[in-house]
Amino acid sequence: MQARGFYLVVAGILAALAPARGQRAEIPTSFLRSHCIVCHGGTSPEADLNLESTSPDWSRPSTPHLWEKVLGAIEDGRMPPADAAQPTHRERDKAVEQLHNVLKNNVRPGGTVLRRLNRIEYENTIRDVLKVPFTAPPSFPADAELHGFDNVGEGLILSPPLMEQYFLVATNVADLVIPPLSPKVEVHAETVTLKPDDFSVNFEGSKVQRQQTDTVLRLVTKNEVLVRSSTWPTRFEAQYSGEYSLTINASAFKPVDDKPLKLRLLAHKSTSGSFTSVYTLRKLGELEIPATEIAGGKSLHKLTVELNKGETVAFYWANSPFGWDRNSRDEAARQLRVRLAEPAKYAAWLKMGFDRGRTPAGGWKQMKELINGDTLDLRDPRLKTLPKRFPATDQNQLMWLFEVMHHEVGPALDIHSVVVTGPTRLIEDKEARQQRTRTTDFLGERDGRSDHEYATAILTPFLEAAFRRPLAAGQIEKYVHVALQHHAEGHRFEDGIHLAIRAALCSPGFLYRGTTEGRLDDFDLASRLSYFLWSAPPDAALRKSAAAGELSHPKVLAEHTRRLLKDRRASRFLMSFVDQWLDLKLLPEIMPDPRLLKFTDKDLRAVTEETRLFVEEILRENHSLETFISPDFTYLNVRNARLYGRQDIKGEAMQRVSLRKDGRFGGILGQASVMMATANGVDTQPVLRGVWLLENIFGQTPPPPPSGVPAIEPDTSGATSIREQLTRHQADVSCAQCHRRIDPLGFALENFDPVGRWRNNYPIYQKQSDGKVLTRSGPKVVSGGQLPDGTIVRDVTDLKQYLVTNIELFGTCLAGKLLVYGTGRKMNYADRSIMQEVSSAVRLQGNGFRDLIVAVVLSESFRTK
Amino acid sequence: MPETHNERRKFLTAAGIGLALPMLESVNADGASSSLPVPPARRFVAIGTYLGFHTPSWFPRKPGAEYETSEVLKPIERHRKQFSLFSGLDHRAPNGHSNWRNFLTGSGTRSVSLDQVIAEYVGDQTRYSSLQLTCGSANGTGQISFTQEGVPLPMVGRPSVAFSQLFSSDSDKARMRYVFESGRSVLDLVLDEARSLDHRVSQTDRQKLSEYFSSVRDVEKKIQKRTDWLDRPSPQVDYQLPKFDPAAPDLSLECESIMYDLMALALETDSTRVISLLVPGTGQVFTIDGEKLIAGYHGLSHHGHDPNKIADFNRIGIEHVSRFGRFLDQLREKKDSEDQPLLDSTIVLYGSGMGDANTHNNSNLPVLVAGGAFRHGQYHAIDRTKDPSSTPLYGDLFITFLQQMGIEREQFANASGNMNEFLQ
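Chains as they are written, first to last, in my numbering: chain B, 1 to 865; chain Y, 1 to 424.
Please keep in mind that the hints were generated in silico from the structure rather than gathered at the bench. Predicted model only: the values in this text are computed from it and were never measured. There are no misleading hints in this set.
In silico PhoX-like pairs for lysine-lysine, Cα to Cα no more than 20 Å straight-line:
1. B/K254 / B/K298
2. B/K309 / B/K283
3. B/K269 / Y/K243
4. B/K298 / B/K195
5. B/K195 / Y/K243
6. Y/K243 / B/K309
7. B/K365 / Y/K292
8. Y/K292 / B/K195
9. B/K184 / Y/K173
Model the full assembly from the supplied sequences, consistent with the hints where possible.
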């Protein structure tokens with residue numbers, strides 16, 4: 001209900017947002033003359049900033065930013081510098097007011113610099129427009145980040161190496177639509193005889209072994225992970241997609257019952273990873289090997305299979321009595337208990353102690369020796385009850401050891417040789433079939449049309465989709481001409497189309513977006529919206545609304561925005577925006593100090609997923625912006641739960657967990673991801689966290705630190721605390737200007753260690769004589785401080801409270817972040833008042849996150865280039 | 001010549017290569033570098049084994065010129081006057097498999113690798129500015145070469161692919177020629193498109209669009225250059241590849257031998273002057289001299305000080321080093337355009353980004369430098385317990401390499417010194 005009337009409220013407020021026209025607004029020249037131009041004037045002005053001109057040229061894009069900087073410096077007292085004569089309060093206020101009016105009158109929202117597609121957008125655009133599978137090659141240069149995001153026009157440089165990649169990739173992509181004619185090759189069937197020597201033997205050599213001086217390849221286990229139990233020839237792969245006939249000489253070894261042994265044949269691309277699950281591989285057939293031992297092992301089985309180019313045949317013993325699937329710890333334990341049932345074996349295992357970790361073959365040899373010796377205590381009470389589950393290391397070691405045992409005592413499946421003949425017939429593989437369909441879909445039927453008509457019919461819809469707008473007058477002719485000219489030079493008609501596709505993919509209309517000046521037209525608006533929420537070009541529905549001229553209507557625009565947000569492609573927005581706004585993308589590069597915490601990739605995933613799932617729910621449920629700060633839920637698994645001191649969460653699956661709203665943890669000020677991203681893995685730096693909060697939560701950008709000030713080196717001996725080192729910020733007036741805003745925020749989070757755990761004391765590490773490191777409790781953490789408005793924040797809970805009370809600060813900040821990401825530009829003076837209006841309008845309507853995104857899209861800032 | 005070389009079934013006679021050689025002089029059409037003095041080293045090869053070596057079996061016991069050759073280095077004893085050994089070098093970077101990549105980049109974050117820095121300077125003089133190779137499918141193993149932007153460069157792991165790239169027949173080239181020649185009309189059209197856009201956009205956007213114009217013109221020049229290369233026939237070499245690519249991990253030692261042969265041919269034919277080779281290692285179980293090793297390669301690298309595992313790990317190390325030795329043989333036999341042994345003007349860096357394989361520690365790396373007109377024959381043990389500020393970093397060695405190639409750089413990653421005193 002609320003949502004329906006919502007766009008009207010927002011649209012109404014935004015329409016009222018006109019600049020203060022008529023009001024006399026001039027640069028405060030007398031103030032500048034008496035206080036500024038002594039330094040910022042003349043031929044070599046300080047900081048290269050000359051304030052002598054009284055009539056700035058507002059058409060230059062740099063002018064608004066320059067005067068905003070001047071306003072900021074005067075407003076917060078950074079300028080004139082402390083050692084210069086100071087203006088009176090009245091003088092300063094007046095100058096500030098004048099500057100506000102000047103900016104209000106002269107700055108309009110907008111100013112996005114021509115924006116090239118970034119890597120993800122480029123990939124998605126190619127996929128969507130040409131319907132081909134596509135990933136940019138690793139040789140693609142990475143995109144630079146500016147103003148916190150990798151999709152800002154100014155930051156996206158088109159360098160010569162990138163253009164070269166565009167040029168080369170365009171051909172590869174066009175090949176996927178219209179493949180080049182390949183010369184006909186004469187294919188002859190060849191016969192390869194594969195001996196046990198020619199098969200892969202992996203890992204510790206216990207899974208698959210060559211026996212009896214390499215005349216036999218022996219399988220003993222089945223395991224979901226291909227490489228852990230299967231084998232495949234290393235010297236055979238299909239050179240052509242086609243039919244191959246196999247003659248397999250295989251037999252049973254010491255079978256325990258009369259059930260036939262099932263030898264499953266799987267298609268395996270030999271150059272792809274061997275850790276794949278056998279269940280994902282295409283089944284080529286299954287042989288039933290009789291459960292009788294045959295001397296010399298002559299038991300020939302014939303089978304014809306279809307292999308695609310590059311594939312080989314993997315052999316998997318599908319009904320091996322020994323083996324288990326990934327993560328099936330209970331089945332693993334059961335299998336091991338069966339094999340340990342004989343008391344002497346378990347007694348030997350217990351006695352092996354440290355030596356268990358030797359090679360599997362060594363382990364089995366030792367176990368046998370112990371069983372045959374007389375040192376085992378068979379009355380050990382532990383032998384009565386075998387473990388329900390085995391620790392992971394024991395489980396692996398036991399499995400390997402028993403694999404060796406089975407190689408010796410059976411049951412096992414022996415492969416003696418495999419003879420492959422082929423291709424006896426060529427086939428069109430899946431790839432070739434898809435390729436053919438793509439070509440016919442793209443070209444359509446000629447229907448007796450002339451080359452010119454046919455080419456126009458093919459290229460017009462393609463170019464409109466590629467350029468995301470109707471074609472300019474004469475534009476189609478250029479592409480048709482290139483295609484037909486090529487045809488006229490003796491190439492196929494299709495090659496001409498191929499060439500036109502290549503040109504389109506290198507053209508500025510494809511690589512850049514948003515070229516109309518001022519207010520976006522419907523087509524550029526459609527693009528801006530779909531790249532904002534999907535990192536992809538507009539879909540058919542958006543293009544239709546744009547073509548009908550309806551998209552700029554707030555109601556239609558709001559509906560599309562909600563539709564796009566509901567689509568699964570909105571996950572691209574969540575990933576990309578959240579990872580960049582909250583700096584989750586930094587996490588993989590931060591390796592926590594092992595003295596602090598043993599941290600694996602799984603921990604990293606849990607910590608990252610928590611934040612992503614958290615934001616996803618806020619968006620999906622349209623929770624209020626306050627939820628970001630003080631939520632009553634989060635997402636945990638056993639891994640990140642331990643960071644928050646919670647023992648009650650088990651398992652690797654992320655689950656939604658309730659939290660106390662006013663607690664320490666939870667929300668973007670209490671999640672481990674943010675705490676990690678704002679530290680360096682080793683220690684915390686309150687200044688860095690403070691700056692981060694200021695920029696990403698409070699929406700203020702402090703000026704860069706003065707040059708020549710060294711970074712704070714934490715004193716690991718614990719003699720002086722970071723706080724003691726930072727007190728000099730308050731002593732020095734010029735430092736204090738910014739640090740009174742920065743430091744209290746950083747110190748509010750100081751109880752969070754570099755991985756987001758709560759601490760009351762700093763750790764002190766002491767290296768012992770044996771090389772081990774002892775951690776003891778060091779100085780007490782003194783958190784908190786006084787905000788510039790006088791509010792005392794003792795720790796993170798106070799800071800959360802402060803932000804919830806002053807939620808408009810965060811709302812405006814988030815609106816700004818969304819706008820920078822959506823428009824690809826830095827926000828200017830006019831944009832900033834729009835950000836405030838947007839966030840106030842949304843607050844009146846319940847402050848929902850989804851509503852905020854809709855309001856951002858409806859705003860003048862979003863809709864202006 | 002060692003007998004192992006003769007035993008091989010492949011034919012390495014490189015008859016007639018001289019005629020097909022693209023001459024250095026003819027390439028420098030603009031005369032840019034012809035007036036400069038020729039630097040002592042003109043080629044660079046870096047080889048890294050992914051799982052490293054058992055360093056106590058690699059480093060000799062005593063430093064100096066009279067060191068006793070260690071177990072793993074025995075196969076290259078005959079070359080000892082042609083190389084220098086170093087211990088105590090590393091980049092002071094983090095540890096673990098993923099930090100292997102620091103081998104040539106010197107820093108934990110994304111950055112450019114040494115071979116690519118060199119390729120930037122010498123790359124435009126040959127058909128390929130650089131070559132990145134590995135043995136078989138390098139699935140799941142590391143990366144060795146990184147672009148200026150820190151993007152890992154793909155490696156060629158199949159001998160047949162590397163061979164056809166280097167010495168491709170005319171039919172392989174026909175498609176490339178088509179792409180380049182037809183590409184001219186692509187670029188004409190897009191420039192026309194950009195010009196009509198240029199009239200419509202704001203002044204700021206026009207500045208942005210100038211990036212586009214200059215990039216397209218740059219690509220035009222590159223295409224011209226590559227078409228010129230296509231016009232020159234590929235060098236013809238008489239080399240017999242095996243019928244089947246030994247791309248499977250189990251066959252990586254076999255693949256390694258072939259890659260070395262192709263590297264030597266690539267340098268001899270001046271197809272490139274910069275090569276990196278990553279010798280991969282995963283769980284494969286090798287069979288050496290008809291005997292299967294007791295565990296997979298990766299398992300052996302985490303030997304846990306088990307002498308049996310160390311012995312088998314060293315057997316693999318010795319296999320790598322003897323292949324490297326045969327590569328050095330080839331570089332000493334083959335001659336450059338001035339009829340001097342290739343090795344004399346080729347810096348060869350051999351080692352690993354892995355120091356102690358057991359703990360997968362990336363400090364105190366095994367480092368060997370051969371050729372490159374350096375002074376060789378010594379084992380230099382860098383004492384890391386001394387004042388850290390006066391202890392050379394691995395990156396200092398890189399700076400010495402760069403200078404030997406006439407590239408004036410004072411800095412590489414965290415290093416800003418050099419190790420000239422050890423090698424000159």
